[in-house]
Every structure is written in structure tokens, then in C-alpha cells.
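**Q** In order, the protein sequences belong to chains A and B. The first sequence begins at 708 in our numbering and counts up one residue at a time. The second sequence begins at 311 in our numbering and counts up one residue at a time.
Since the hints were made in silico from the structure, they are not lab data. Don't be surprised by glycine CBs; every beta carbon is placed ideally from N, CA and C. Treat each hint with caution, since some may be false.
To be verified - One side only, chain A facing chain B, incomplete, derived with CB under 8 Å:
1) P770
2) I814
3) A816
4) G819
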Amino acid sequence: MAIKDMSLEEIVLSGNAACPGCPSTMGLRIVFKALGKKTILVIPACCTSVIESLYPYTSFDVPVLNIAFEAAAAAASGVVSALRMQGREDINVVVWAGDGGTYDIGIQAMSGAFERNTNFLYICYNNQIYSNTGIQRSGATPYAAWTTTTVGGKREFSKDMGAIVRAHNIPYAATATVSYPEDLFRKVMKAKSIKGPKYIEILAPCPPGWRFSMDKTVEMGKLAVETGIWPLYEYENDKMAFNGKSKLIFEGKIERKPVEEWLKLQGRFSNLFKPQRDEERLRRIQEYVDHMWERFKQCRD
Amino acid sequence: MRVIIDTGNYISAKAAQMAKPDVVAAYPITPQTTIVEGIAKYVEDGEFSGEYICVESEHSAMSACIGASAAGARTFTATSAHGLLLMHEMLHWAALARLPIVMVNVNRAIGPGWSIWADENDSVAQRDTGWLQFYCSSNQEIFDTIIQAYRLAEHKDVQLPVMVSYDGFILSHTSMPVQIPEQNEIDDFILKRVPQWKLDVDNPVTHGNIIMPKDYPSIRRAMQDAQEKALELIPEITEEWRKRFGTYHGDLVECYRCDDAEFILIAVGALGAESKVAIDELREKGRRVGLARLRVFRPFPKQAVVELAKKADLIVLDRNISVGMEGAFFSEVKAALYGSSDAKVYGYIAGLGGKDVTYKDIEAMCEKVMDGKYKGYEWYDLEGE
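Isolated chain A (complex conformation) (with noise of 0.2 Å):
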């Protein structure tokens, strides 16, 4: 699949509030290229629900519900209830919500909605910070990452939300970034095609949540995957397979880079480097890097 066999249906339309090189929009208009209109949005708070308008306007040409923050995974199940006793089991039920409202306040309602079965797809795009409410900490935001409420680095690493989603045994869950939209795509279209509770987490650099410069977006999630800090896996029927330059480095075809390329790019970091480098905090970040990679080859043996 290549970018010029999308569809060239456009769900997003234009005239949103999204920031300039936002990757909530890029991938959203990926996303529903591939879901297509017969799909039904549920969004809880984050920078969508900003993003998608002003009453009685919308930039989404598909039916939206926004919901509570901790309640979208809850709200689509009531949907999906609803859809299947009026025999429209052909629509896409989905959840598209912020690292905040998957890793924090909505993880009780998606962990329940896994557990019962229920057939949606649940796509987190992980921007690892709230950045709707001015760039605060999530449970996503990495170590030494400077946010509002972590003005001097972040002391704690994120939570594996992988390995959470994972152990509900669901039938699909991946992860992407919005730099490669092929990879994203083609990920959407098999959860589509899986009955049951699916997952996918998009990693979404941030310009002005991770200071770098609005045109960088892309840049800066390549670096994600390339350093080996944002892997790209599919999850399917209890086997682990890793995805594009993520394949490559599971398999010791590519080397990583070191993960400093991507946090010297961001401002957010730019206490690990100055006034002089902190030698202690970079050399965790990159070990923490490490030693998720050993995991996954321990998975493997």
C-alpha cells in the first residue's frame, strides 16, 4: 500500500483548529482513509474535541460523540450495544483519545471495555503529554521530559502501555507514528477487519508540547522509531512482529541510534544538555531504551 492508493476522501475537512504541523489531524485523515464514512467517533476531552470545532461547525465529516474524559472506551460500548441491536454491524465503532485519557483517567473504562469484548477500535494518539490543557505530565511523558508540572524533568518513565493493553489478551493492537502513514494505514485496515476489542497507539510529536519547530513533526517521529524509543509492533492472535525500521533493528539488520539524536531535537530535553550535559540522566534514558529491546528479544527466545 502506497501513499497514492489512499482514498482521496477527505473526512477531515478543512477549516480545523488543529496548530500548524499537529500530528492529531495528520493522522486522523490517515485514519479515516482507511475506515472510510460508515464510522462513528468517540471522543473524549483532549486536543481533538478542540480541534474539531466550534458549535454548530464541524471539521469531521462523520458522526461524533464527545464524551467525559475517563468515559470514551464506556461510550462506545453503550454505541456499540446500540448498533448492534439495530443490525448495523457494519460501522466502525471508534475511540480516539489522548495519552492522557488511555494512560490515566480512561484506563478503567478502556481495561473494561477490553475485558467484556467489546468489538471497537481504540486508537490513543500519544502526544505523552496533555498538551489541550497547556502541556502538563501524563502517565506517558518520559523520563526528564520538562512539562508545566515537571519543570525540571520528568523523574519518573512512562508506563508500558503496551504490555497493559497487551495482557487483556485482545485480538489486535499496534503501535504507529504519524511518519509512516502507509504502516498507520494498513494497521487501521486490519483492525477493521478483527471483530473485538482492538488497540492502536499512534505516537504524535507535538511542536509546541515537545518545543520543536512546526515543521519537524515527521522528523521527529522517524527519530522515535529510528533510536529504537518508539517501536513499531503489531500484537495479533499472541505473537509479537515488529514493523518497518522496527523489524530491522529486532532483527540486528540496523543499528539504533542513539537515542540523544531524537532528545537533542526537543526543547522539553534541553535541561539534559544545558548548561552542561547530564551525563547520569542521559545515560538512563538511553539504558531504559536498551533494556526494552532486551525484553523483546527475551520475548522472542
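With chain A fixed as given, assemble chain B onto it according to the hints.
**A** Just chain B now, with coordinates in the frame of chain A:
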């Protein structure tokens, strides 16, 4: 029509089954539990054709009802006390989204300390959510009110959720005979739900997005208009029910022996039922006293209260306390009368946390007022301790 004898909760489950909701989403909590068990049994026996979602919390129960109702489904849930409090955010959401969800709340006290007994503080705390609120005093009234709630909630001019409350254990776990109409009669009465809006892939609309200050007040005003419309519709619906099925529990208010009364006792729920015995006793003694049992808390039956105050002074009994002020019904009754009546209003708080209130207690409270011995707002439970 047939008569079954069962507890308030199993009668609730029966009413929910006969209302044929497309989706039930619920989470167990004492003393509501036997409702969800009752529905589960209907599911297992093939007597319930809808979807039954056993969610992981009450917050999700209400969220799932919202999602289902937004997709055009008829929905039902039930809860109690802390479950209702956990739902609070989504209660507002359901009402502002104008979704006609019907919910049973089994009134129970709030902890700590843990208390599972009757108390209205759980539902009174939801006063400002936009939900219509009914309080029942018998299992027949529970059945009738749940069915009527769908007719009311789904009325094109209302489109708001309805909460049907009754006292934990006193009604929820007490068996009484209840007349049950035939299924086709219920179907004819409730009608089919015609959603005023729904998630529709053929008509893609974004619901609940950002609304600017210039538009927001009008959605609140529309809710107020809908509640005021409900004040007109409730008597019509209860009257139609009486004509079709013969049972009747009053409209907004049930008046009992109020003719020629000098004092009218205002009570709610099971305390209202107990009060009838007290009124009979007092009438035996020649006391000119009657009972007005409020069936509806939202919309508040202001005009009905004003009419009562034209005939008599009022004594208000509250099984709840708005700490820092007074019982909620006491406040609301006085507010309704302001500028329209010079009637005196006396108030008591009684029965908090399930403390037993007998007809003798209610008699004593009334006599204290009637004998001129009332010395100000009183916590009856604590008298003599």
C-alpha cells in the same frame, strides 16, 4: 393484568424488562443489587432481548447508557448511593445531551461510615443535574413510575433523563402485591422511542463540541422549558395510566385527607407511606391534619405547594440534610411559597442513615406543631438523646 408478589427491586427489574430497553448497562451496589440480578435472570432465561452490559463502574454504566442512547437506543440502568455519586459527572452529561435515559436509584446513605440504609442524600445531591426525579412509596408505584418514566422522558417536548428513587430495604427488599399489565398494553402505553437526534452515518453531525458563551445559555434554558413542560405532562400521563390500568398514586403530589386540614404534612417516599398511618391516627383523635406526599422533586411542583399552603400550614419531613442549611424539601417548599403565601412552614429531619421512623414518631412530630410546642427546626432523630 395479573398480580405478582415481589420486592421493590424485582419489581423494578420486571418493569425494566417490560419497557424493552435496547441496552441495559449496570454495576452492582447494595441495596440495588437484586435489580441487576433480576435482569441477568431475564437475560439467561431468554426473556430479555436487549443488550446487557455488565460494566466495570457506575461511571461507565452511565457513560454506556449515554453512548447507547446517543445511537438511538432505549436504555435502563440502576444504582444507589456511592454509585450514583460516582455517576454525577455523567448525569449532567446525559441531561445536557438531552438523552431520555431511565434510571432507578435505591436511596441509601452516604459513607463514611459505611451505611447501607435508607437516606435521600444520594439523590438529593443530584438535584441540579437536569434529571427529573420521582420518589415512590410502594412497589406498585415503583412499577408504574418506571413505565411512565419512559413515556415522559421520551416525550418530544421533554427529552430528559428520569430517575426513579425509593427507599433502600424498606421498599427495595420488601415484598408487596403488584398489578402487572400485559406486555402489549405496556407497549401501547410507552410507544416507540423516536430519537430527536442520534449518531447517524448518513447524517454526520458532531455532538457535544465546544460551545461559545453566546450559545450556552440557550441549551440550559431549553432544559428548563422541558422540565416545566413535564409539570404539565406528568398529571396527563398518570391520569391516562389510571384510566387504562386502574392504579394511581397521585400526579405531582398525592394528597391524603387534606380536605378541611389546618395542617398538611409534606413527606416523601416510604416516609410518605408511613405518614398515612399517622394521619389516620391523628384524624381518629379529631386532628384536622392531612398528608401531601411529593412524588416529584424535579421539576419541583411549586404551584401544587402554593395550593396546599392556601388551605393549611405545612410540616415538612426530610430524610436528607443539606449540611450548612436544612433539609432539601424544607428549603424548596419555602422557596416555592415565597411571595405567594403567608402559611407557616415547620420542618423536621428524621430517618437519616435508615434510622427507623414509625407512624408514632410522625404523629408526635405533627402534634408538637399542632400543640404549639415546636421550638424551631428540629433533628427528630436526636431528640431525647
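**Q** Holds or violated: I814/A as interface residue toward chain B, Cβ cutoff 8 Å?
**A** Given a least distance of 11 Å, the restraint on I814/A is violated.
**Q** Quick check on G819/A please, does its C-beta sit within 8 Å of some C-beta on chain B?
**A** Hint holds; G819/A Cβ to chain B Cβ min 3 Å, cut 8 Å.
**Q** Does the CB of A816/A sit less than 8 Å away from some CB of chain B?
**A** holds, 5 Å
**Q** At a threshold of 8 Å, is the proposed contact between P770/A and chain B supported by beta-carbon distances?
**A** Since the shortest Cβ distance to chain B is 4 Å, the answer is holds.
Checked against the numbered hints given earlier, this structure breaks only hint 2.
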